[in-house]
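Chemist: Hey, can you piece these two chains together into the complex? The hints should help.
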Amino acid sequence: MRKTRANPRTPTPIECPEQIRALLTSLEISTDLIAARSLVLHPEAQELVVAAIGDDGREHMLTPAAAAKWREMSASALSGGVVIKIGSAFRSVDRQAEIIRAKLAEGLSLDAVLCVSAPPGYSEHHSGRAIDVTTDGGVAPLEPEFEKTRAFRWLSKNAGQFGFALSYPADNPYGYDYEPWHWCFSPTQV
Amino acid sequence: MFLATIAYELSSAYWGRGLARQAVEAMIAELVAHYRVRSLSSVLKRGNFRSMRLLERLGFSLASPEQHVKHQVEPGELLMVREIQRI
Chain H
1 MRKTRANPRT PTPIECPEQI RALLTSLEIS TDLIAARSLV LHPEAQELVV AAIGDDGREH
61 MLTPAAAAKW REMSASALSG GVVIKIGSAF RSVDRQAEII RAKLAEGLSL DAVLCVSAPP
121 GYSEHHSGRA IDVTTDGGVA PLEPEFEKTR AFRWLSKNAG QFGFALSYPA DNPYGYDYEP
181 WHWCFSPTQV
Chain B
1 MFLATIAYEL SSAYWGRGLA RQAVEAMIAE LVAHYRVRSL SSVLKRGNFR SMRLLERLGF
61 SLASPEQHVK HQVEPGELLM VREIQRI
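The listed protein sequences correspond, in order, to chains H and B. Last residue of the first sequence: number 190 in the numbering used here, and the count goes up by one each step with no gaps. Last residue of the second sequence: number 87 in the numbering used here, and the count goes up by one each step with no gaps.
Next up, chain B with everything else stripped away, as it sits in the complex (with noise of 0.2 Å):
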């Protein structure tokens, strides 16, 4: 299994259209279809409402105390996942 970080940056002149939402899902379609992987992993900043209403729209979740240790994310930092269920 693979493990993949993807970033993305979007210019607030283009918020707000639903863009970064297709572009992220595109990416993940692209590495669950092509790249193995299934598990997925993101960390934003506490406070960044707009990422984290992204990421849940794309079926993130709020990981647990435990994942935010294991991924060493940082004070002020949050961490969200999301698994690809084989079925």
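Pulled out of the complex, with its shape left as it was, chain H reads as follows (with noise of 0.2 Å):
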């Protein structure tokens, strides 16, 4: 009996804006990659404010409806004793493309930089509306440890009513590792 294979997914070209193509040109990353693995092109918030100021006196910011959510979902969390807080929240293109850039000059391939990091462009961070979360007790942030954090239950259970939802489970379809720390705030899913 003759194997049938299936065949390799077609990209489709995407669409993106001249800044984004020239950025992803110049660190040689394809678009038949992107188009590959259904990664959604991010665009720069409008409109940010300061939700939260980190122990470092970094600066989080969020689209102002993320920053009041946040807020309210974090105040909720410590009235039940579980502290959260904004390891990272807004980023911008230009950020993305420097940490990139910095990973390939540490001497990583492109494939392993794009199994951890988004194509400028493509990263949530860019929206103001995607945090990076990290509570007390020693735990390392952006660790899959995360997981098995109060903190990490709490969310869990909690996020949804404040509209944030976690945007990377296991086997997500894009390809990136699992992430139990990123969250993201979508108001339609108040």
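In case anyone wonders, no lab produced these hints; they're calculated from the structure. Be aware that one or more of the hints could be misleading.
[To be verified] Computed far set for chain B versus chain H, every beta-carbon distance over 10 Å:
id : residue
1  : I6
2  : S11
3  : I28
4  : A29
5  : V43
6  : V69
7  : K70
8  : Q72
9  : E77
[What the hints assert, rightly or not] Simulated restraints, written as ranges between beta carbons of each label pair:
id : chain 1 : residue 1 : chain 2 : residue 2 : range
10 : B       : R50       : H       : L41       : 41 to 51 Å
11 : B       : P75       : H       : S79       : 45 to 55 Å
12 : B       : Y8        : H       : K148      : 32 to 42 Å
13 : B       : L19       : H       : P187      : 32 to 42 Å
All C-beta atoms, glycine included, are put in the ideal place defined by N, C-alpha and C.
Modeler: Put into structure tokens, the structure is as follows:
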């Protein structure tokens, strides 16, 4: 019997603004790859406010709606004895390109870098609605161990009420790592 | 997340040409891209300055005393680590 093989997915051409296209070209990221992984373009937020100030004094910016809901959510968590903090919020397209350049300079291949970082233009952090959440108790930020914290359990149960959802569960279709710390606010989910 | 251990050995006739660096770099890229390795560690003999320099060039840094204990590093050896940051 003849074995048939599934056709490889044919990427459809993607549409993206000239600024993004130029950055992708300079990083040698092919638009086919973006189409094949079904990555979503996230335009930079137009209006940002300070949602929280980190222990290091860093200002974490979100859209006004996301910031308001974050404050409500973190206060609600705290009233239940659970500390949730923002480790990272809005990030510009240029900053994302810098991050990728730095990783390439460390000798990682583009393939490897794109498993852990979004191409510029395609990070949810550009939207001003995405946050990387940390907690207290000595849990390293941006590590899968975050899943075992009270903060994660609290978010899993309650974040939906505030319009926040986990963006990258295990085996997500975009090919990113499972990111239990990465949550995104969508007004329609409230 | 997966743990990978790699070791390398290169004939002294080929030292000084950047071959070890290229080989280890390629191996790391493969482990990160296709095996979900995000945390790298390397154990070397204290005083092996060539290896230490190579690992530093590859983005590794000396681990904390606590990490040395956790990895059961023997006296006379050093632990160097590199995390692939998800961002």
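Chemist: According to the definition I'm using, a residue is off the interface if its beta carbon is farther than 10 Å from all beta carbons of the partner; does E77 (chain B) meet that for chain H?
Modeler: With a cut-off of 10 Å, E77 (chain B) remains clear of chain H, as the shortest Cβ separation is near 24 Å.
Chemist: Is A29 (chain B) truly not at the interface, in the sense that its beta carbon sits beyond 10 Å from all beta carbons of chain H?
Modeler: Non-interface label fails for A29 (chain B): nearest chain H Cβ at 4 Å, not farther than 10 Å.
Chemist: Beyond 10 Å on every Cβ pair: is that true for I28 (chain B) relative to chain H?
Modeler: violated, 7 Å
Chemist: Against chain H, does I6 (chain B) hold up as non-interface, every C-beta pair farther apart than 10 Å?
Modeler: holds, 14 Å
Chemist: Could one say that the CB atoms of Y8 (chain B) and K148 (chain H) fall in the range 32 to 42 Å?
Modeler: holds, 34 Å
Chemist: Could you check that no beta carbon of chain H comes within 10 Å of the beta carbon of K70 (chain B)?
Modeler: holds, 13 Å
Chemist: Regarding the assertion that S11 (chain B) does not contact chain H, is the least Cβ-Cβ distance greater than 10 Å?
Modeler: holds, 23 Å
Chemist: Could you check the hint for me, namely that L19 (chain B) and P187 (chain H) are 32 to 42 Å apart, CB to CB?
Modeler: Once the Cβ atoms are compared, 55 Å apart, the range 32 to 42 Å for P187 (chain H) and L19 (chain B) is violated.
Chemist: Mind verifying the non-interface call on Q72 (chain B)? Its CB should be farther than 10 Å from each CB in chain H.
Modeler: holds, 20 Å
Chemist: Against chain H, does V69 (chain B) hold up as non-interface, every C-beta pair farther apart than 10 Å?
Modeler: holds, 16 Å
Chemist: Is the distance from the Cβ of R50 (chain B) to the Cβ of L41 (chain H) consistent with 41 to 51 Å?
Modeler: Roughly 46 Å apart at Cβ, these two residues keep to the hinted range, so it holds.
Chemist: Regarding the assertion that V43 (chain B) does not contact chain H, is the least Cβ-Cβ distance greater than 10 Å?
Modeler: holds, 20 Å
Of the numbered hints given earlier, the model fails hints 3, 4 and 13; all others are met.
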